[in-house]
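**Q** Read top to bottom, the protein sequences are chains A and B.
The first sequence runs contiguously to residue 699 in my numbering.
The second sequence runs contiguously to residue 699 in my numbering.
Which copy is meant is left open, because identical chains are indistinguishable; a pair holds if it fits in one copy or across any two.
Below are the BS3-like pairs computed for lysine-lysine, each with C-alpha atoms no more than 27 Å apart in a straight line: (1) Lys362 to Lys380; (2) Lys380 to Lys34; (3) Lys34 to Lys163; (4) Lys317 to Lys380; (5) Lys34 to Lys362; (6) Lys362 to Lys317; (7) Lys163 to Lys41.
If you are wondering where the hints come from, they were derived from the structure by calculation, not from laboratory data.
2 protein chains.
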Amino acid sequence: MKVALPELTNSNLRDALFSPRSVAIVGQSDDASKAAGRPLKFLRRIGYAGRVYPINPRRETVLGERAWPALAALPEPPEHAYIVTPTQAAVAAVEECGALGVKVATVLADGFAEAGAEGMARETRLRETCARTGIRIVGPSSLGVVDLRTRVMLTANAAFDEKDFPLGRIFAASHSGSMIGALMSRGKARGTGFAGFVSVGNEVDLSLGEICAATLDDPDIDGYMLFLETMRHADTLRRFALSAAERGKPIIAYKLGRSDAARELAVSHTGALAGEDDVADQFLRSCGIARVDTLEGLIEGPPLLSRVPAAARGGRKRVGVVTTTAGGATMVVDPLASRGVTVEPASTATLARIAAAGIEVKPARLVDLTIAGARYETMKATLDILTAAPEFDLVLAVIGSSARSQPEITVRPIIDSAGAARPLAAFVVPDAPEALAMLSRAGVPNFRTPEACADAIAAALSRQPPRPLPARSAAPVASNGPVLDELAASALLDRLGIARAPSVALEVGIARAPPLPFAYPVAVKVLCAEIAHKTDVGGVALGVVDGEALIAAIQNIAATVAERRPGARVGRVLVQPMVSGLGEVLLGYRVDRDVGALIMVASGGVLTEIARDRSLRLAPIDLATAHEMIAEVRSLMALAGYRGRPAGDFDALARAMVALSQLADDASIAEAEINPLIVRPAGEGVVAVDALVKLAGNA
Amino acid sequence: MKVALPELTNSNLRDALFSPRSVAIVGQSDDASKAAGRPLKFLRRIGYAGRVYPINPRRETVLGERAWPALAALPEPPEHAYIVTPTQAAVAAVEECGALGVKVATVLADGFAEAGAEGMARETRLRETCARTGIRIVGPSSLGVVDLRTRVMLTANAAFDEKDFPLGRIFAASHSGSMIGALMSRGKARGTGFAGFVSVGNEVDLSLGEICAATLDDPDIDGYMLFLETMRHADTLRRFALSAAERGKPIIAYKLGRSDAARELAVSHTGALAGEDDVADQFLRSCGIARVDTLEGLIEGPPLLSRVPAAARGGRKRVGVVTTTAGGATMVVDPLASRGVTVEPASTATLARIAAAGIEVKPARLVDLTIAGARYETMKATLDILTAAPEFDLVLAVIGSSARSQPEITVRPIIDSAGAARPLAAFVVPDAPEALAMLSRAGVPNFRTPEACADAIAAALSRQPPRPLPARSAAPVASNGPVLDELAASALLDRLGIARAPSVALEVGIARAPPLPFAYPVAVKVLCAEIAHKTDVGGVALGVVDGEALIAAIQNIAATVAERRPGARVGRVLVQPMVSGLGEVLLGYRVDRDVGALIMVASGGVLTEIARDRSLRLAPIDLATAHEMIAEVRSLMALAGYRGRPAGDFDALARAMVALSQLADDASIAEAEINPLIVRPAGEGVVAVDALVKLAGNA
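In isolation and in its complexed conformation, chain A is listed as follows (with noise of 0.2 Å):
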C-alpha cells in the first residue's frame, strides 16, 4: 500500500515538528476562550519567532492578525500545519496540506477510529493520504504540540494559557492531551523542567516512539517522561527506547490500566492469565523504561532517574535511610518494603565511622539524628559517611519540620553532598517549599511525599538495561489459526525437549483393551482439536485401574462429550499413565498483539485463574530469568523445601520455561499451554500431563 516516497528522516521530521520556519493554523478562531483560538494566541505570546498562518475563510482577522482564507492562498506551504477544524473539514484540509508539500500535519479534531465506521473510514484516507504524499501526521485527537526553546505552541491545551514556562530538558509525551497540559503546570510547581511535549492522540501515523525517537539527537533532552494508556506501537515504543538508552538518556513512564480486570481470551487459560497490565509491565521493563505508580512519581523522578544507572538484575535495591525524624522516614520505609526495597541498617563498619565523628547514633535500620541534633556539620558529616559506604545503593535523607524553619541546617548538607558516588535524594516531611527548591535548583532529586519518594526510588533501582529485540521478526502472529489435537503437540514438545508423559491413542470405538507400553493405573482423556477444556465437557476418567475398567471409561466419555457438545468430531481417546509429583504448574506462551511472545509460569489447578498467582516475561528467556520468574510465583514456595517438605526440581521447570520460550523463534505458533506440568522431587525433573498448542493464523 505504502508507495515509496521519500520519508522524512529523523532529524527532518524534529525539524518540521519542534523548529519550524512556518506554522499554519488551519481553522483559528476569533475567541480566545475557544480551544480553536487559543494556538495563536499561545504562539504570539512566547514569541514564536517564525511566520505564523491563521487560516479562516470565514473573516478577515482573528485575533487581530490577518486570516488566510485557505492553505491553497498562502504565499508558501507552511512546515507544519496545526488543523483546528472539525472532524470532516480536518479530512479535507490534511489532504491539502498532503498536496501543497506541508511536512507535518498536527489534527486536533476526534471521530476516527473510536467512532464506528464511519470514523474508520477517514482514518483510512488520513492513511492514504499520508502514503501518497509523504506528509506526517500527528493525532487525531491531539492537543498539540510544543518546544519551549523553539517557542512552537502548536496547542490547544488551556493549560499553556501561562506567562512562564519550566524551560529545562525532559521531553515530555502523552497518549491524553489534556496531561501534557499537567505535567507542565505540575512540573513547574516542583522544579521539573521540560524542553518540550506532544499530545500523540490516536497516531494513526506518527506513533508516540517515532516522535520521541526524532528527537533522540537533541543535546538539549536529557530524558523522557511517558504518560501511555495503551501499549499501541509497543514496536516503535521499543525501537526508541534502545536508542535512549544508547545515548544514556533515561524514560519514566507512567500507563493506566493497572486495575483492568483480565479478558478472558479464545481458548487458552493464558490468554485469560496474561491480564493486559502484567504484559506493559514486562514490556517496559524489558525496554528499559522506568514505570511509576503514582503521578507525583512521574513528576518528581526524572532527576533520580538519571543519578541511578539501569543495572542488571540482582543485590541492587538497598537503601539507606538518614532522617531527623523516625516517624516520617518509616512513611517511606512502608511503601519501599511494598515494592520490594530494602531500607538497610548501616554496618557496623558505617555506625563506627559515625561514631568517630562525634556524633551520636543508635543501631537502628534507620540513621537517626534524633540525639545528635539537626546541625549542619552532623548531618554533613553523616551523609559523607552513608554515600561512601558500600551497603547501600541509594541514601535518602528524610528531614523534619528544620526543613520548613531552618533548611540551611538540614537541607543545605544534602546539597553540598550530593556529589558523593551514591546516588542522594530527599523527601521532606513538612511542607517545606523553600527546601524542595533550593534541592531541585541544586538538581537533588527531592520528593513531597512520601509514596512519590518510594515509588521513584524503586523504580529507578529496578530499571535493568533493556534487552535487544528478539531474533525473530517483529512481524505479528495471528491468533485465529487452529487448535493441534494432543498428539501433535506432544510432538511439539518432544520437539523442544520437554519430558511429557508417554501415550496411546484409541479407538473409540474398541471393544477390548490393547496391552499398554506402561502399567495401570492409566488417565483417559477425549483427543479433540476442538475441545480446549476436557474436563468441562466430561472428557476426562482419571485412576482407571484396568482393561476393562479402560473400555468402561472410554465409553462413558464417548457418550458424555457427545451429549455436552454434539458437534465435536471425537473419534479417538488419549491414554496415559497416572504421573504424580510434588507439586503442578501451569506453562504459558503466547504471541500478543502488541509487544510480542510471552511466556508465563503460574500456579496449577483452579487456583491459577482465581488467585492469579503467576510471572510472565518477555520471550525468550535464559535460565536465569526463569528461576526469577518460579521465585515470583508465590505458591510455587510451598514447593521450594519450605519447612523441611521434599524440594520440587525448580532446574528442570527452569529448563522447560527457557524451551517452551524458545517458541519465539517459531512464527507458526500463536499459543501453547502446558497445563499441568508436574513438578517432581528435586533430580527427579518435571513431566507435562497436558498440552494445547494453538497454530498462528493468517494475518
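Given the structure of chain A, go ahead and fit chain B onto it with the hints provided.
**A** Just chain B now, with coordinates in the frame of chain A:
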C-alpha cells in the same frame, strides 16, 4: 498501686491541657534556635494571654524575660508545665510539679521505656508520681501541646516557628512529635485548619485516646486526625472513638507499619498469621475510624469524611465520575478499583436526563464532557443531575487544564453544586492552587493527587459505625498459659458445637489394636500437649488400613517422636477416621495484647503461612461478618462453586466461625486453632480434624 486521689475530670483535664491560665517552661533556654529555647519564643509570638513562667536556675533572664530559678520559687503553681530539661532533671521536675499541685506536665525528654532498664525505672518513677500526686503527664518524648484558639503553644517543634497558623476545627494527635509540624504545615498549604495538636510521646500516663477524649465536648472541634505508630492503649482509643461517633465527629487515621514482617509467635500458627497491621486495620475499622494509606489522604480527607456518614456494611461503594479529561480521571479509577471501590456508569435514566439538558455524553464508565465542552452551564447541569442520581454514593468531578486557566468555568459549578444530597468531591489534574483554594474555602472536599483522592474516597465509603465494646471485661489475657492436649481441645469444640472427627485415645504400649468405633483407614496422631506441630516431629500417620498397620504406626510414631523430641512425654496416640471433603481451612482465635479477641479464617495447608491468604476480625462476630470474611479469602473461591465444581458448605463454615468467636466471652482461653477444618459439600457440614487450645496464664 494507684491510690484514690481525685482524678481530673475531662473538662478539667481539657482546661489544664489546652487553656491553662498559667504555664511554666521548665528548662527554658536563652537560645531560641535550640529545642529548649522555642516554647517561650512561640508563646510570645502567637500572643498567649495567660501567665508564663520560664524556669532556668542558671540565668536571670531568658529571651529577654525574667527567668525563675525553680518551680518552688513561683508565686503560684502553674496549671500546665512543659518540661524541656534533659532526662534526669525531667523526672525530678515532674515530682516537684506533682508536689506543688501542677495539673499537667508535658515532658520533652526521651530516655525512658526505650532506654533499657534504667529508662524503665525512670518511667516507673513517673507513674508513681502520677499515682501519688494526681498530676497527669503528656509524654515523655512529647514535642508538646498546641491550641490555636487559646494560643497555648507549648511545643519545641521547629515547624511552629511561624507567624500564621491554619486555624480550623480539626484536632490532630500524633505518636510522632515531628509529625505535628508536618500536619500543621501541610494542612496550611492545603486549606485544612486545626483547633489544636498534641504529640503524645510514650504515653506513660495520658494516652492518645484519653487526650482526644478530653476535647470531645469542645463545640469548636468537628473531627480528629490521628498519626499512629502503634496500637498501644487501644482500649482508651476505642472508648474515645465510640464517644466521637456518638457526637458525629469523624476520625481519620494514618498508621505506620503496613509492611511489618509478621512475627512468629509462640506455639500456634495464628500468632504468625495475625500480623500486627491486619490487627490494627480491623481494630480501627471496628472503632469506626477511617484509615488512609497516604499522607496526603490524611491531610485532605477530613472534609470528605464529614460529608460521608458511616454506614453499615455492603453495597455502598459506587462512585460516579464526571470529567473534562478522560485520561486524568482514569488516574483515579485505577487506585479506586484496587481499593474495591466501583466507578459506576451513569444509568440510562441519568444519561437521558443529561441528554435532555442538551449535553452530549456517550454512555461509558466516565461521564466525559470533552465533547460537550468545558462551560459553566454544562458542568453545573451535569453535576446537578449526577448528585441526584440514585446509582451513586458519591460523585467525583475530575477537572483538567481549565482548572488552572479558567476555574470559574469548571470549578465554580462544583462549589455551586456542593450542597446536593450526594457527597461531591473534586480532583484537579493540573497544578491548580487557585482552584484548590477556592474549593477548600467553600468546604468542598478536593484533592491534589489521584492517589490521595482514591485513598480518601475509599476510606470514607468503607467507614462503618463503630461496634459496641464486646460484652466481656477488657481485662487482658496473658498468653503464657498451658496448652491443652487434643482430647481436652476436642471437649472444648464439643462445648462450642463445632463438629469434629470422632477419636479414640490408645496407649503407646498396646500389642493389639482394639475394635474401633469407626472404619479403617484411620489417622494416627501423637497425643501430647507439648507438641504443637505434630507433623514436624513425625507424629502423624495417615491412611492406616488395618489393626496390624495401626500397631506398627503407633510404634513408629513413638520411636520417631522420642528421637526428634527427646524430652516429650509420649504416652498415648489419638486415632481418628480419615476425613475428606472438598477442601480445608484454618480457623484461629487469639486474644491480642493490645486490641483484644480476634477471629481468623485462612486457607489451609502449607499455603496458609506462605500466601497469608486470610481474613480476620475482632471477636465475637455474627453470621454476616463470617460470610464477609469467607469472601475475603482468595483460595476459598475454589470452593464457591467455581466453574461448575461442587460448592463447599460455607453456611456451616460460617456457623463454626461464629461459634469459635464466642470464646471472646471465655476469659480462660488465650488461643485456639482448628487446623484443618474440613469443608464438605454444601449441606454436609464442616469437620474439625485437629485443634490446638492454649489457656490464659496469670497476668
